[in-house]
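Let chain A serve as the given structure and place chains B and C on it in line with the hints.
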Amino acid sequence: MVRKLSTRRRHPLAGFVVLLFALVVAGGLYSAFRPAVADESGKSDAQLIAEGRQLYEVGCASCHGLNAEGIITKRGKNLGPPLIGVGAAAVDFQVSTGRMPMARPDTQAPEKPRTYDEGEVARLAAYIASLGPGPAIPDPEYYDVSEATDEEIARGGEFFRTNCTACHNFAGVGGALPEGRYAPSLHGVEPIHIYEAMLTGPQQMPVFSDEVLTPKQKRGVIAYIKTLEDQTAYGGLELGSRGPVGEGLWGWTFGIGALVLAAVWIANNGVRAERKKP
Amino acid sequence: MSSSPAARSKAGAASRSTAGVVTWLDERLGIGALTKKQLRKVFPDHWSFMLGEIALWSFVILLLTGTFLSFWFKPSMAEVEYMGSYANLRGLHMSEAYASTLDLSFDVRGGLLMRQMHHWSANLFLASMTIHMLRVFFTGAFRKPRELNWMIGLALLMLGIIEGFAGYSLPDDLLSGTGLRIAQGLMLSIPVVGSYISFFVFGGEFPGDDFIPRLYTVHVLLVPGILLALITAHMLLLVYHKHTQFPGPGRTNNNVVGFPLMPVYMAKAGGFFFIVFGVTALMGGLLQINPIWMYGPYNPAEVTAGSQPDWYMGWLEGGLRIMPNWETNLWGYTLSWNVLIPGVLLLGVLFALLAFYPFIERWITGDDREHHLLERPRNAPTRTAFGVAGMTAYALLWIAGGNDILAYEFGLSLNAITYVMRVAIFVVPVLAFIITRRWCLSLQRHDREVVLHGYETGVIVRSPDGSYAEIHRPINPVRAYELTMHEQHTPVELPAAHDANGVPAPAQGKERLRSRLSHFWYADDVSKPTKEELEAAAHHATNGSHALEDGHGPASGNGAHLGIETSGIVGGQDFGLEQKPKAP
Amino acid sequence: MSDDGQHDSPGAGSNGAGDNSLLPIGPQEPLDNPGVPDHQPRPTDVDPALERRAERQVAAMFVVAAVMALAFCVVYFLYDPHPETGETALGVGASNLALGVTLGLSLLLIGLGAIQWARKLMADHEMIEYRHSAASTVEDRQEAIAAFQAGSEESGLGRRKLIRNSMLASMAMLGLPAVVLLRDLGPLPGVKLEQTVWRRGMRVVSDVSGRPIRPSEVPIGQLVNAEPAVFFEHAEEFEGNELLNEKAKAAVIVVRMPPEEITPYPSRKDWDVEGILCYSKICPHVGCPISLYEQQTHNVLCPCHQSTFDLANNGVVLFGPASRNLPQLPLGVDGEGYLIAMSGFQEPVGASFWERG
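Quick mapping for you: the protein sequence lines, in order, are chains A, B and C. Residue numbers for the first sequence follow our numbering, so the first one is 1 and each next one is one higher. Residue numbers for the second sequence follow our numbering, so the first one is 1 and each next one is one higher. Residue numbers for the third sequence follow our numbering, so the first one is 1 and each next one is one higher.
Chain A with its partners taken away, still in its complex shape (with noise of 0.2 Å):
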């Protein structure tokens, strides 16, 4: 399943698919939220939060800790922080875009093929909110770009520059951090994925609040993202958005090269006559 979904994620429909799933997963989480009120399959809130910490101790207690206190190694390195307060928007975010679990500890968790399915994302996101209060998964409202307005997205575009463009690139591609971590390309990353990375600060990613960036000011950044993924390059392939160093070294290949074969074939004197001229 998870492999049939991961083949097919090209699929032109697949962003529909997936926004549509994103959309029954969230709406189903959110009134899963609501007190006392029971999920599809007629579980209890108590009942999700305790299967959510069966799943816990089997795949994540190693690192974090079966209490989800973290995990500090006797050399002072940080295995797994703690997750007590951290919120279902975290774990949503972790666990639905694969980078946790890790497969190996390492500086930087990267983006991988899932491992959960959505329900149980729901019972560990369940689990860990029921540990401390934290930004709980943000509702459709907030991400779904559809109706955004130019002037939102311009609006959204001048908060991207402020605050993202700085390590994921103009054109959100990504770039380089120290130490060989890096921020990673945000083309393709779910518009709720990329809502609960601002706001729950993911790894080195700093924590971008909903009072001092308002989810209505993310929605825009939202908004100015998929317009830049969408865009089309109105001056020709894009040689990988990564500035002029990407410019240079085409204007290197197919510009200088181009000429350099051209002045060979100018300078060669070609084939001569077998026969003299008669």
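Do not take every clue at face value.
[Claimed, not checked] Sample of chain A residues facing chain C (criterion: CB under 8 Å; computed from the structure):
1. ALA166
2. GLY175
3. PRO178
4. PRO206
5. SER209
6. VAL212
7. LYS216
8. LEU228
9. THR232
10. GLY235
11. ALA273
Keep in mind that the hints were calculated from the coordinates and are not lab data. Glycine included, C-beta positions come from ideal geometry on N, C-alpha and C.
Below, chains B and C without anything else, positioned relative to chain A:
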């Protein structure tokens, strides 16, 4: 080739009308004498002689496309609210320069194409000047009498860099503003007068509202004017000196062999103009460059990851990145070595070294003769090695300038790249120097072997007594001539230790240094075969092949043959292997 | 041997062998100059069919080039470069692509045609032209020197030292007006490089939105790209370049980390508000804005030249070419509970300069 009477009379009429025009012009301008000489001026054919031409034609394209851009671009830092076509920026406040660049890209048909062609052309202009300079350096074309033209060329390269930087700074987008901010930081680092320079250049504080209009004047008037004048001088000197040529049969230091300006080179050079123009247009159409609408307007509180200059500034950027953070505080004044050395001094040092190189080499080698024949890089090993070492250092700085892109693309550590580069910039060029020099000397040795003993055919023969030998075949005499007609350099010797009367004449320190450097320069050169050695080899080969045919095997056991065919000299076309198999 | 290169360069007369008068090369060359090789005809020189084919090829290129030029005009009117209403092709802007390709092909084909013409059909006999030494003849040079000396003598420049020196002095003086004229290019720096708009009690507000910030709204790990409130409260004073000039110095970043992880200098013990710290956003290296903040390591990296600063430790330089700490702004809270600056910056922000000290 038909010569019917009708065609002939037509040709006659044409030549009469040509004569009429020339006469009319000559009577007013006196161009007869000039045209007589120049119209059939000879240019030698070699692909590397056309690299400078790419730069020339790129400059023409820059003038044409730049003029087009200037019809719409507004060099003003006045704040406007953008209400143009590009929705993502509509309603934002920005400078008129940026807004007009957006309009030029989205509302003027062909405007984006011209902008992109202008930018690509600038990249190609600088790139072709650079490789042209390398060609001139590595073939020794800068030697007497062309030292002044070499310096003019360097001035062109320097001005080209300034012009390019000014050009991509004009649109006032986020990237160009970041570049200007760095440039201001460099100005501030200049001792004593830095802050004054910055305030005068920017008309006050950074960014102010004077800078873009000032830069515009520099970009469209001052620098292009000087460039045009220097290019004219460069070309006039080229015509006066006549082009250098590679040595070859019939090609000597006192002639130039090639094709006439009219018609062959008019067609070739003119055609090349269109090819350069066409490639630039294709690049402008197919490859997006500097998408300023994505960077957004300049705001000193914003920055993007991967802030890099265009490629020709990349090595300076690299210097800034790998420089340790040295700063000196003296009596309440600050000297920022961390900025001053890579940002200001490095450029000066490189260009000073390049500018004086012909004179340095001339002094060391004591060579005051005119040179019109090019040297193959291997025949000037020390010069070639210096060139490669310089290129290596430049490339390392280039890499350092893109360290963040490299770190991201290849999953490396930014810090590790920087630390490695801090060491590599001193070590690797030295290694490159040593390796290149040895490589050149080996190639010289190889040339000598080939001339004396022929080339290796790859054919192994077994003689009746069981020994094996590879057949060497003689090389073409034209090739042999090419391989032996280069100069045999000799180091400058110290003046005699005693004068004619036996009184010690102590060599002066300068002379001693010169002699030592000159030995370093030339002493390892492999001596090319002399006439006697060639004759000895020929004699040996003749005997050797007889021996082989007699079935006794080659005496020396290495199957050496005469290096050069003794007959069949027909001309330049026979550069390949001789097909006919010989013994056994 | 040097005679076998008889060929047809008009006016050349010799094949270029021998006669090394311009540059006598050291010892005798080991091999004699074989001379310029004979002209070898091309296939198009000997085969009329090939010649006609080449002619047609060249003409065809010129014709297609003309067609492409027309096509350029057509697509100029056909496609709209407008970013929204304009057409796209192959995922890129159609107008630019079509214009570039038609123009490029048209130019390229003219070039290829001209060169093909030269290569295949124009006469390709190599010609020899003789060089002359770059120098004039000895007589010419001596006459030139004599003329110069005569002129110099007649002017009396050498004898009339008073005139010569006063003339040189007057010309040298003209350099002064040229320099002085540039004085009004800009004002003197004064203290502008050392001062920002930050004052005691000025609120720290979010950039772009201008919202003031309460400490409770800043969770641990937060980064706020912030500005002084005066930019928003007195927007009429800070317009256009006035705003940019001040922003270029006053932009700050506000971060929050667990208070126990902060190791302030003794003098900076009360510069934070419950772990909230404020630093200049302008890199002390050459002035790029820096906000690549890593919330776990508390490092901030400059994207231009990779200087790295430790915000938990007074903004000291960890790595890179910057030599000075990132300037810190002491924070406090005003009566309404919003973050404020407790003073201006206590050192100049941004790139070093001579008078900085």
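If you test the structure against every hint from before, which numbers come out violated? Hints 7, 8 not satisfied by this model.
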